[in-house]
Structure formats: structure tokens, C-alpha cells
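As they're listed, the protein sequences go chains V and F. Heads up: the first sequence is residues 1 to 939, going by this note's numbering. Heads up: the second sequence is residues 1 to 130, going by this note's numbering.
Note that these hints are calculated values from the structure, not bench results. Just to be clear, a hint being listed does not mean it is correct.
Claimed, not checked - Simulated restraints, written as ranges between beta carbons of each label pair:
{"hint": "1", "chain 1": "F", "residue 1": "51", "chain 2": "V", "residue 2": "66", "range": "20 to 30 Å"}
{"hint": "2", "chain 1": "F", "residue 1": "63", "chain 2": "V", "residue 2": "562", "range": "52 to 62 Å"}
{"hint": "3", "chain 1": "V", "residue 1": "582", "chain 2": "F", "residue 2": "59", "range": "40 to 50 Å"}
{"hint": "4", "chain 1": "V", "residue 1": "791", "chain 2": "F", "residue 2": "51", "range": "43 to 53 Å"}
{"hint": "5", "chain 1": "V", "residue 1": "582", "chain 2": "F", "residue 2": "90", "range": "21 to 31 Å"}
{"hint": "6", "chain 1": "V", "residue 1": "874", "chain 2": "F", "residue 2": "46", "range": "26 to 36 Å"}
{"hint": "7", "chain 1": "F", "residue 1": "90", "chain 2": "V", "residue 2": "31", "range": "49 to 59 Å"}
As the list claims (entries may be wrong) - What the simulated footprint calls covered on chain F by chain V, stretch by stretch (three residues with Cβ under 8 Å from a Cβ of chain V suffice, anywhere in the stretch; the number is not a length):
{"hint": "8", "segment": "5-14"}
{"hint": "9", "segment": "29-41"}
{"hint": "10", "segment": "53-64"}
{"hint": "11", "segment": "70-78"}
{"hint": "12", "segment": "84-96"}
The beta carbon of each residue, even a glycine, is placed where N, CA and C say it ideally should be.
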Amino acid sequence: MSLLSFNLPLAALLPFAAAPLAAWSTRYNRLASAWVAGLTTLLTLAILFPSMQAVFAGETLIQQWSWLPAIGFNIAFRLDGLALLFALLILLIGLLVIFYARYYLSAKDSMGRFYAYMLMFMGSMLGIVLSENLLQLVVFWELTSITSFLLISYWQHRQDARQGARMALAITGAGGLALLGGVLLLGHIVGSYELTQVLASGDLIRGHDLYLPTLLLILLGVFTKSAQFPFHFWLPHAMAAPTPVSAYLHSATMVKAGIFLLARFFPALSGTPEWSWLVGTAGMLTLLIGAYVALFKHDLKGLLAYSTLSHLGLITLLFGFGSQMALVAAIFHIINHATFKGSLFMVAGIIDHESGSRDMRKLNGLFKMMPHTAMLAMIAAAAMAGVPLLNGFLSKEMFFEQAISASDTTLAAWTIPALVTLAAIFSVAYSLRFIHDVFFNGEPIDLPKTPHEPPRFMKIPVDILVVLCLIVGVAPMLLIGPILSVAVAASLQAPAPEFSLAIWHGFNLPLMMSFIALVLGVAVYTVRHRLFAWHDRCLHGIEGKAVFDWLQWKTIRFAKKVTDYFDQTTLQPSVSWVIGGALVLSILTFFQFNSPLFGDRALMEADVITILMALTLIVASLLTVVLHHQRLTSLISIGVVGLVVALGFVKFSAPDLALTQLSVEVVTIVLLLLALFFLPQHTPQERSYIRLSRDGIISISAAVAVFLLTMAVLSREYTSIANFFIENAKPGGGGTNVVNVILVDFRGFDTLGEIVVLALAGLGVFAMLEGLKLAAPAKDVEGLEWSHDPHPPIMQTLTRLLFPLMLMVAVYIFLRGHNLPGGGFIAGLIASVALISQYLANGIDWTNERLRTDMHRVMWLGLLIATGTGVVSMLLSYPFLTSAFTYLNWPVVGKFEVASAIAFDLGVFLVVVGATVMILVELGKLSHAAHFINVEDIK
Amino acid sequence: MEWLIASVISVMTGCGVYLTLRARTFPVVLGLTLLAYAVNVFLFSMGRLQIGIPAVIDPAAAAYTDPLPQALVLTAIVIAFGMTAFLIVLALKARSELGNDHVDGLHRSDDELKATKHNSTKTETERSQS
């Protein structure tokens with residue numbers, strides 16, 4: 001298998017694998033984690049590299065493995081132009097951010113944790129862009145929500161970081177749910193979750209009745225992730241994250257995931273008025289709000305956050321236009337925005353790092369102190385403002401052009417160009433503020449530190465990004481042309497339209513708009529102080545966060561109310577809610593069927609003995625309830641119930657069950673008797689008649705409902721899958737006792753699970769009784785002293801004589817189990833009874849002296865053997881727990897069948913013996929100790 | 001016969017539910033045990049009632065019972081035992097930690113307080129404490 005057949009999943013999963021390594025390596029060297037992260041990123045790039053040539057030739061690479069074909073969930077990865085473009089953005093910007101963060105993080109911050117989160121986030125993002133299967137895409141989508149939560153809350157000690165992270169998680173998580181819904185609908189419409197099929201069925205999807213709900217749900221996912229209005233408010237609050245995180249998540253990657261999805265689903269969902277209106281409106285509003293608010297933010301990162309919103313809105317709006325050229329502009333702007341905004345965030349981080357403040361009212365005149373950084377910031381900000389010869393200018397021109405051509409088709413012909421120009425004016429104004437207010441405009445005002453240039457290497461990532469802005473701005477086709485062309489073709493699922501990225505298109509309308517924006521932008525900036533005052537007076541405090549907090553508070557209060565109503569911190573009402581709820585639900589389902597309650601299957605005649613037995617059982621059950629205040633009596637009557645049930649199994653052709661029930665009954669009653677010794681012998685009378693009658697009603701309705709249900713089933717014919725087991729028991733499992741063959745062979749995995757549960761119950765009992773000391777009551781129910789002769793000699797002698805015989809029976813039952821009623825469970829219980837009767841008759845000390853086996857060991861051995869038989873079959877390359885059998889001729893016994901299942905059954909036997917004896921002996925020890933205390937007291 | 005089995009299951013369920021809703025741990029354990037019986041018999045009866053028909057392969061047999069519910073119930077019986085054991089020990093542990101056997105860990109719940117007011121007869125709990 002060559003690397004090229006699985007390099008895509010490898011690329012997405014490698015960062016996840018490296019994350020623990022990054023976290024662990026930091027123990028030995030602080031910088032090791034940065035190296036791990038950087039090298040992992042390079043390695044991932046190298047893994048993707050061999051596939052790039054094919055993608056540039058226009059191919060779509062798909063690597064898939066079937067996983068859950070029944071629901072269409074395959075592990076499928078895809079690399080086409082669009083995926084490649086995003087993967088390169090994620091990895092290259094990621095590399096720069098990793099480099100930058102190594103200098104940004106202070107000695108107090110845990111580097112290992114940071115880089116581990118970072119790598120996991122990178123892997124999630126790669127997973128999104130490389131997914132072919134949509135369900136798999138949603139999984140990675142959710143992973144980005146979780147990992148970005150971890151990154152935003154990286155400074156866990158800061159309340160704003162925790163709040164911002166929670167808000168981001170709540171909103172993007174809710175969007176993720178919506179996206180899942182949308183994807184499920186999409187899969188329902190198309191009949192497949194594979195992107196190839198979905199993208200090819202655009203007409204089918206757009207023509208389907210479910211188109212609108214699908215679109216709405218998917219757009220909810222997109223808008224929450226890409227912070228589009230009205231879900232935009234989480235992004236500024238996520239700025240509490242360390243700046244490298246903001247540079248990575250909030251400029252280049254996470255917020256672009258939504259945009260990526262718009263590009264991805266473009267051929268499947270776009271081209272309808274619904275698409276244009278929903279996507280276009282959200283984009284336009286976000287563009288305007290972001291550009292406007294950015295100007296009024298005094299925090300450097302706040303300004304950048306709102307500016308990011310506005311640029312995301314711009315890209316969304318381009319998708320809303322829906323034309324092919326708009327798509328070109330959108331994808332082009334994605335690249336440009338990642339470069340200039342990434343570098344601006346890094347500059348903001350440097351300023352914060354070196355001056356200790358991000359407040360533009362304090363930061364002034366930094367040009368003298370950090371000229372290099374200032375130069376970088378100026379070029380990047382100019383690109384953001386759309387100044388010619390920089391990349392931002394090119395895509396902004398294309399955007400204006402699209403705005404003009406889109407307005408031809410709508411009624412208000414000038415609204416769209418006018419509005420986008422307005423946004424551009426503010427964009428120029430806030431870009432200018434970023435430069436002028438920080439680097440010029442007088443002297444710094446009481447900064448915590450004296451600003452100076454950062455370490456040389458911290459500026460390198462910014463250098464690289466700014467140089468890219470310049471190269472793309474001057475010679476766009478050189479660097480961007482090829483990748484843009486394949487990305488657009490992949491997004492359109494059609495050949496890319498002819499486009500030329502040129503600096504000069506002649507004097508035209510877009511150039512006019514750029515000019516207006518530049519001039520008016522400068523004008524707006526000069527009157528900013530008056531605008532600030534007006535903004536503070538009129539619009540201060542209008543924020544999405546308030547709505548979010550209010551909603552959150554309301555929801556929590558409502559949830560608490562509901563919980564308080566059901567949960568009164570006492571068990572009885574809770575249990576009645578559970579039982580009552582189950583009852584109501586099951587009664588309701590009766591009404592779903594129109595057929596008569598009872599079927600017409602011929603019923604059997606009842607014979608006298610069975611009637612008598614049933615009456616005994618009913619009376620015993622009722623007596624258990626009536627006499628439950630006298631605990632010993634009720635215990636005896638419940639024993640009767642169990643015994644009659646065992647007899648019932650005999651009557652109705654279930655010898656295995658009868659044997660099991662009989663032996664379990666003995667063990668259970670001994671157990672309850674032992675326990676009852678330490679509990680009060682009477683139950684106090686409850687006097688709440690409301691509660692008693694409520695419980696009575698619940699019980700009677702439960703009884704009636706169960707009666708009706710049972711009769712409804714028993715009076716109908718049915719088809720059973722039993723024939724399969726009966727036909728295959730002998731040829732397939734090598735045994736004639738079908739019940740046992742099912743247990744140890746057909747459904748061996750179930751049985752394995754069950755003995756594990758039993759072993760855990762045994763361990764749980766052991767753990768709870770560890771160190772427990774209970775005083776034995778001095779007198780019994782009648783007020784009499786306990787007997788001081790705990791081991792009656794007749795019983796002692798008899799049980800010692802019987803012991804070998806009982807074990808013999810157990811062995812016999814065990815060996816014949818595969819062919820006749822019996823088997824590991826029953827034999828185990830019989831052996832337990834044999835052992836327990838020794839303990840009862842001869843005392844714990846006497847028996848322990850002779851039985852020097854720790855029951856823990858018996859249990860573990862049993863589990864080991866049972867699992868071992870399964871593993872052996874796996875080693876022989878059969879499925880887990882496949883059994884084999886053969887026939888041997890033993891002297892005396894004759895022809896004897898040996899099945900591997902008998903080893904499994906031996907495991908079952910040992911676990912049952914171990915768990916049962918351990919539970920009872922641990923309890924017995926308790927009463928032994930208590931007796932001893934009492935005897936001491938008396939002496 | 002079916003009526004009879006249905007009645008048996010229903011009585012065991014009703015009694016089990018009533019005891020499960022009681023305020024002291026021991027009746028709750030008894031109630032759950034009864035419920036486990038009811039559930040086992042109910043599951044078993046899903047294979048329909050058969051008298052005198054084997055579940056063991058035999059060339060002479062004309063028909064077989066449904067072995068699947070039997071296999072399921074067999075393990076269910078053993079698991080029910082494990083659950084009962086765990087519960088009763090939990091009850092013991094609670095009694096030792098909290099000093100009483102009320103499901104909420106109360107020494108006197110409200111309705112039982114009333115009982116002592118109305119009834120001058122002493123309950124066992126008081127007797128053992130005095």
C-alpha cells in the first residue's frame with residue numbers, strides 16, 4: 001500500500017497524534033513542544049505534497065473506507081483545489097503562528113498545553129476541509145468548536161477568557177447541531193452523504209420540498225461559525241484568547257470554516273432567491289456592522305475583531321451574489337484576508353507584549369520606538385484598507401465590481417454599491433486609526449512598560465505575511481493564479497471562469513468607489529472625536545452579549561425550576577416519577593394500534609395443579625407486601641415466590657431456567673438473611689395516606705398494564721428466529737442443549753459482558769464492605785438472646801459429608817451442559833451453594849483454613865479464560881469468540897465431544913463461583929466479626 | 001393457562017412496584033427482587049408457553065420450545081442476583097454511614113414522625129436505640 005492511498009486521513013489525524021506528544025515533551029524542555037508542533041506541521045505538509053500535482057492538474061483525489069454502510073457513514077477523505085487551498089492556509093499560517101507563539105508565550109504559560117490544543121485544532125480544521133463524507137465533516141466541525149473552546153479559554157484564570165470561550169462554544173456548538181440536521185436532510189434528499197454525489201445533485205436538492213429547511217439549517221451552522229449577523233457577537237469576546245490564537249482562529253481558520261462550507265456547497269445549494277437573500281442579507285449586515293463598530297473600539301484587538309467580522313461579511317455577501325466571478329473574488333479575498341489580518345493580529349500581539357497595553361487611547365507615537373513593526377503594520381493595514389499595489393486592493397476592486405453587476409438585477413439599483421462603499425469608508429477609517437493612533441498622534445500615555453522592538457524572530461512571521469501582501473498586490477497572477485483557479489473550479493464543480501488579476505483595469509466605476517472610500521475614510525477619521533462622543537451618547541451598550549446573557553440566564557432558571565419540580569431531593573417521589581413516567585409512556589403506546597387488544601391465538605387449558613401453584617405465588621407476593629413491616633416474615637414469603645417461579649420454569653419446558661432459579665434462590669435468601677441481621681427487624685409504618693394511596697394507584701396501574709401487555713402478546717402468534725439456533729446448534733456449535741449453545745457460542749459476547757458485570761458487582765460489594773463495622777443487635781426480634789452455639793454439630797457433619805457429593809453434581813452439571821440442561825452458570829451456582837453451606841455450617845475460620853483460594857483470583861482466572869478463548873480464535877484469524885469442536889474417544893466414558901466453548905463455559909463457572917462466594921463470605925465475615933464483638937462484650 | 005401466567009406476572013409487578021416505592025431500604029430491595037422475578041417470567045413468556053416440549057436437540061422430538069428467551073432469562077437471573085447483592089450491601093453501607101435505613105438517610109421522615117405522635121406503640125428502631 002503506497003502512501004498516496006492513505007495520505008489524506010494521515011494528514012488530518014497526524015496533528016491529533018502529535019498533540020499528546022507536544023504536551024508530554026514540555027516536561028523535559030519548555031521549547032520542545034514548539035518543536036513538536038512545528039515539525040508536525042511540516043510533516044503534514046510533506047505528506048500532502050505528493051498529491052498536489054494531481055490536484056493542480058484538476059483531479060479530485062478520494063480515499064475512502066466503508067465503516068457503517070447501513071447509515072451511509074464512510075470514512076472518506078477528498079482533496080481537490082478548494083480543499084488544497086484551505087489545507088495550505090491552515091498549515092502555512094499555522095506554521096507561522098506556531099513560530100510566533102513560541103516568542104509570545106511568557107514563562108508562566110504552559111507551552112505544552114498551548115501547542116497540544118493548537119495541534120488538535122489544526123487536525124480538526126484539516127479534517128473539515130479534507131472530508132468527503134458529510135457526517136465525518138460534521139464530526140470534525142464539532143471538534144473545532146471544542147478545541148477552539150480550549151484555546152480561547154487558554155488563560156483559565158481569567159474570567160473574560162472563560163466567559164468568551166463558553167459563549168463561543170454555546171453558539172458554535174448550537175450551530176453545529178443545526179448543521180448536523182441540515183446534513184442529515186441533505187443525505188435524505190440525495191440518498192448519500194458523499195460530497196461527490198451531493199455536489200452532483202444540485203438540481204435535485206434545489207427542487208426538493210425540503211430545500212428551504214436544509215438551507216436554513218446549514219446556513220445556521222455557517223453563520224454561527226463565521227460569526228455572521230445575528231450571531232456575530234461571540235467573536236469579539238473570543239479575543240480574550242492569547243493573540244496567536246486570535247491570529248490563527250479568528251483570521252485564517254476557524255471563522256473561515258463557515259465560509260469554506262459556503263464555497264463547498266455552492267454548486268448544491270446556491271442559485272435560488274432564498275440563497276441570495278439569506279446569504280446576501282447576513283453578509284451585508286455583518287459587513288456594515290463590523291466596519292462601523294470597528295472604528296469605535298479603543299482596544300487594538302477589538303478593532304481587529306470587528307474588522308474581521310466586516311471582512312467575513314464581505315466574503316459572505318460575495319457568495320450571496322451567486323455569480324461565478326463573485327466566487328472568484330470571494331476565494332481570492334479569503335486568501336488576502338488571511339495574510340493581512342494574520343499579520344495585523346501578530347502586530348497587535350507584539351505591541352501588547354512590548355508595551356503592556358492594547359488601549360489605543362494610551363498607545364501613541366510608537367513609531368519612534370518600534371519602526372520596523374510600525375512599517376509592517378502600516379503595509380498590512382493599508383492592504384486592509386484597500387490601498388493600491390497591495391492584495392486587499394485587488395479583491396476589494398473585484399468586490400465593488402460584483403456589487404455593481406449584482407445591483408443591475410435588483411430593484412434598488414444603487415443600494416448595494418452605496419452600502420458597500422459606506423462599509424469601505426469605515427474600513428479605511430479604522431485602518432487609518434490602527435496606524436495613526438498607535439504609531440503617531442503624540443506621545444504614549446502612562447504605559448505599563450516602555451515599548452521597544454520585539455525579539456528579531458518574533459517579527460519574522462509578520463515579515464513573511466507582509467511580503468506576501470506586497471507580492472500578491474504587485475504581481476497577483478504569479479503566486480495566486482494557479483491555486484485560485486483550481487480552487488474556484490473545485491468550488492464550482494465546473495471549469496473556472498476566465499479571470500485576470502490585474503492591478504490596472506482602467507478608469508471605471510470600481511476605481512471610483514475605491515477613491516471615494518479612501519477620501520471619505522480619511523475625512524471620517526479626522527472627525528473621529530466628534531463621532532466617538534456621539535456613539536458613546538447614543539449607541540453605547542447595545543450588544544449581542546446582553547441578549548445572550550439574558551437568554552442564558554432565563555434558560556438556566558427555567559431548567560432549574562423544572563428540575564426542582566421533579567427532584568425534591570428525596571428518593572420516593574423520584575422513583576414514582578420514573579415508574580409513573582414509564583407507565584404513562586407504555587400505556588400511551590397501546591393507543592397507537594388500531595387492532596384489537598387481544599389476538600386470536602388458541603389458549604391453553606389450565607390444570608388444577610398449575611392453578612394452585614399460581615394462587616400460591618400470588619398469595620405469597622401479596623403477603624410479602626402486606627407483611628413487609630415484619631422483615632423476616634416477608635423474606636420467607638419472597639422465598640416462596642422464587643421457588644414457585646422455579647417450579648413454573650419446570651412446568652413450561654425450561655429445565656435450565658428452573659435449575660438456575662432454584663440455586664439463585666438459595667443464594668439470594670441466604671444473602672438477604674445475612675444482611676437483615678444488621679438492619680432493623682421492623683419497618684416503621686408510613687402515615688402519609690396521600691403517598692400510600694398514590695403508590696397504590698401506581699402499583700395497581702402497573703399491574704394492570706403488565707397484565708394487558710402480557711395477554712396481548714401471549715394471545716398472538718409470532719415468528720421466532722429460534723429455528724436458526726435450533727438448526728445450527730449441533731452442526732455449528734457442537735452441542736444439543738440449544739440454550740447453552742446460545743449462551744456460550746452464538747451470543748458468547750453477551751455472556752462475556754454479563755459475567756464481567758457479575759464480577760464487578762462482586763468487586764463492588766467487596767469494596768463497600770471493606771473496613772465496614774456494624775454492631776450486631778444484642779437481641780433478636782422476639783427480644784431473646786442470640787444463640788452462643790453458632791455451628792450445630794449435626795449440620796456440621798452432614799454438610800461435610802455432602803460437600804464432595806455436591807461438587808460432584810456441579811462437575812456433572814457442568815460437563816453435560818453443552819448437550820443436556822446444565823452448564824457453567826448452573827454448575828457455578830451449585831458449587832457456590834456447596835461452598836457456602838460449608839461456611840454456614842462450619843464457620844468462616846474453619847473453611848478458610850481449608851480453602852486457601854482467594855475468590856478474587858478465581859474471578860480473574862474465569863474472566864481471563866473466557867476472554868482468552870475469544871482471543872485465541874482471533875489469533876487464528878476467526879472473529880472474536882468463534883468456537884470449534886471435535887470428538888474424542890475416552891476410555892470408559894466413550895465418545896466425548898470437546899468444544900472450545902467448554903473453556904468459555906469454564907470461565908463462566910469460575911466467575912460465578914468467585915463472585916457469589918465472595919459476596920456471601922464478605923457479608924458473613926461482617927457478622928462473624930459482629931458476633932465476636934458481642935461475645936467479648938458479654939464476657 | 002395464559003391468563004394465569006399474565007396474572008402472576010402482573011401481581012408480582014404490582015407488589016414489586018409498591019415495595020420499591022417504600023421509604024426503607026429493605027422493602028426496596030425486596031421490591032426490586034420481586035420486579036426482577038416479574039421481568040424474568042415476562043421475558044420467558046415471550047417464547048409462548050410450551051408444556052413438555054424439549055429445548056434439547058432430539059431426533060424424536062416433534063417440536064422445540066423457543067430457546068432464545070430461555071438463554072436471555074438465564075443470564076438475567078444471575079445478573080438480578082448480582083444486582084440484589086449490590087443493593088443490599090449498599091443498604092448496609094448506608095445504614096453504617098448514616099445510622100439509619102431510610103432511603104434518604106433521614107432518622108425520622110415526616111410521615112413517620114406523625115406515626116409516633118398518633119401511635120404510642122414504640123417502633124423497633126426506637127427500641128434498638130433505647
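Evaluation of the provided hints:
A hinted range of 20 to 30 Å for the beta carbons of residue 51(F) and residue 66(V) is inconsistent with their spacing of about 48 Å. A hinted range of 52 to 62 Å holds for the C-beta pair residue 63(F) and residue 562(V), which are about 54 Å apart. Under the hint 40 to 50 Å, the C-beta atoms of residue 582(V) and residue 59(F), about 45 Å apart, fit the expected range. Between residue 791(V) and residue 51(F) the Cβ separation comes to about 44 Å, which falls inside the hinted range of 43 to 53 Å.
Remark: the range hint 21 to 31 Å for residue 582(V) to residue 90(F) is upheld by a beta-carbon distance near 22 Å. A C-beta distance of roughly 33 Å is found between residue 874(V) and residue 46(F), which places it inside the suggested range of 26 to 36 Å. At about 52 Å, the CB distance of residue 90(F) to residue 31(V) agrees with the hint of 49 to 59 Å. Coverage of the segment 5-14 of chain F by chain V holds. Counting CB-CB distances below 8 Å, 10 residues qualify, and the rule asks for three or more.
Counting residues of the segment 29-41 of chain F whose C-beta sits closer than 8 Å to any C-beta of chain V gives 8, which meets the bar of three, so the coverage hint holds. A count of 7 residues in the segment 53-64 of chain F with a Cβ less than 8 Å from any Cβ of chain V is obtained; the coverage claim is therefore met, three being the minimum. Counting residues of the segment 70-78 of chain F whose beta carbon lies closer than 8 Å to any beta carbon of chain V gives 7, which reaches the threshold of three, so the coverage claim holds. With a threshold of 8 Å between beta carbons, the proposed coverage of the segment 84-96 of chain F by chain V holds, since 11 of its residues qualify and at least three are required.
In this structure, only the earlier hint numbered 1 is contradicted, and the remaining ones agree with it.
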